[in-house]
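Chains as they are written, first to last, in the UniProt record's numbering: chain A, 1 to 118; chain B, 1 to 118; chain C, 1 to 118; chain D, 1 to 118.
Any given hint could turn out to be false.
Copies of the same chain look alike in the list, so a pair counts if it works inside one copy or between any two.
[Said to hold, decoys possible] When the alpha-carbon atoms are kept at most 20 Å apart in a straight line, the in silico SDA-like pairs for lysine to any residue are as follows: (1) Lys94 x Asp81; (2) Lys94 x Ala104; (3) Lys113 x Leu83; (4) Lys113 x Asp86; (5) Lys113 x Val85; (6) Lys113 x Arg101; (7) Lys113 x Asp96; (8) Lys94 x Gly84.
No wet-lab data here; the hints were simulated from the structure.
4 protein chains.
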Amino acid sequence: MQDIGTLAARLRDFAAERDWEQFHTPKNLAMALSGEVGELVAELQWLTPEESWAVMDDAEAAARVRSEMADVFIYLTRLSDLLGVDLLDAAHRKLDEGERRYDAATYRGSARKAPPLQ
Amino acid sequence: MQDIGTLAARLRDFAAERDWEQFHTPKNLAMALSGEVGELVAELQWLTPEESWAVMDDAEAAARVRSEMADVFIYLTRLSDLLGVDLLDAAHRKLDEGERRYDAATYRGSARKAPPLQ
Amino acid sequence: MQDIGTLAARLRDFAAERDWEQFHTPKNLAMALSGEVGELVAELQWLTPEESWAVMDDAEAAARVRSEMADVFIYLTRLSDLLGVDLLDAAHRKLDEGERRYDAATYRGSARKAPPLQ
Amino acid sequence: MQDIGTLAARLRDFAAERDWEQFHTPKNLAMALSGEVGELVAELQWLTPEESWAVMDDAEAAARVRSEMADVFIYLTRLSDLLGVDLLDAAHRKLDEGERRYDAATYRGSARKAPPLQ
Chain A
1 MQDIGTLAAR LRDFAAERDW EQFHTPKNLA MALSGEVGEL VAELQWLTPE
51 ESWAVMDDAE AAARVRSEMA DVFIYLTRLS DLLGVDLLDA AHRKLDEGER
101 RYDAATYRGS ARKAPPLQ
Chain B
1 MQDIGTLAAR LRDFAAERDW EQFHTPKNLA MALSGEVGEL VAELQWLTPE
51 ESWAVMDDAE AAARVRSEMA DVFIYLTRLS DLLGVDLLDA AHRKLDEGER
101 RYDAATYRGS ARKAPPLQ
Chain C
1 MQDIGTLAAR LRDFAAERDW EQFHTPKNLA MALSGEVGEL VAELQWLTPE
51 ESWAVMDDAE AAARVRSEMA DVFIYLTRLS DLLGVDLLDA AHRKLDEGER
101 RYDAATYRGS ARKAPPLQ
Chain D
1 MQDIGTLAAR LRDFAAERDW EQFHTPKNLA MALSGEVGEL VAELQWLTPE
51 ESWAVMDDAE AAARVRSEMA DVFIYLTRLS DLLGVDLLDA AHRKLDEGER
101 RYDAATYRGS ARKAPPLQ
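Only chain A is shown next, with the shape it has when bound in the complex (with noise of 0.2 Å):
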């Protein structure tokens, strides 16, 4: 079954056999995730907002948007992996947080940023 556990081995085995562990130092896979992230914003920068809701819809442009995410995804999961950062248990300690310091009732329809927790 996919899950990021398996993807992580991946890129492990992938880096290893190409002898590509030189290059992955944390300073160097931060640069590649802003890299790619910058590659896939600039897919989007040129379309109203509506537009972007439909850039699905052109195969061409689905594909680049599909491309970009992976390689974000990436870059992302083997930086976690070489820092010892469990993805899905940060974001979910992160959205527990966002719910005690983002209340519905205060921050309904608003996108003003709340206070840090104390």
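Here the structure of chain A is known, so what remains is to put chains B, C and D in place on it, guided by the hints.
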């Protein structure tokens, strides 16, 4: 059991409860992803490669890195859910392509970019 | 008279006085630039296009935008100084190329990307 | 004489001639800036710090770096023009603040972040 689909569902509820779906256009989510990657990069920017390997040894730095990686993963998952992109499937297909583009004999130990597949 | 050269010189002194040159490798400066652009993007990410036109009308938001743009410009100038890149000259040459790649008749009103010049 | 104002004026004409002003909302320009910084970061991501100092020694790499830095500067200038931000003035004010926040005696040789000014 935790998986990306469970996280995506929790993010749908989190946004719906706060009437935040109006802010979650693909453009805005790509920008949010970009902002969070920037915060992650900032945690490592002044470190040497060696120091970056040890970033998780400092409890406060580790908490910030974990928090920023969670934010990146949250926005990536939310965007993938709204655009109908299966992150794990897309990543594995990208690696299948990577195995053809970057055969180990030619690219071992090298970080140069390979031409696209024909 | 204020110009980029004067800013670059002030940045050299600022770094030298604090023994910060050790941190200003091109990699680190590119990462810092990326982090600051992330902060700028974060100021606009939840705004509609129309709201983004009015971001400078709110005094606090305007101050944050000005501060982030200053940081981006500072790191870009510092990096250009250390790599020997003349930003204004490079920009004008890029526009000369842009005028050849994007002739007005063909690209008027369109955001599509032009093929590279032969 | 070349200065930022001259570049901003050329960018206004360039956009007007192609009826591109519709695409140049502050949101879109911030996204474009983010995409271009991503391309610049990608040029340095696999290099060691030492190799990054020598990136301009390779003619092709140097041309790509110069091109990406030009693109970053172009979008930053365009955005500053549309938002009414004086980049040089904002940068110098940020450095004035930096001199107060980061007194040389306390922060010499250290990359730690200083608390904001009161």
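When the structure is checked against the list of hints, which entries are broken? Sort them ascending.
3, 4 and 5
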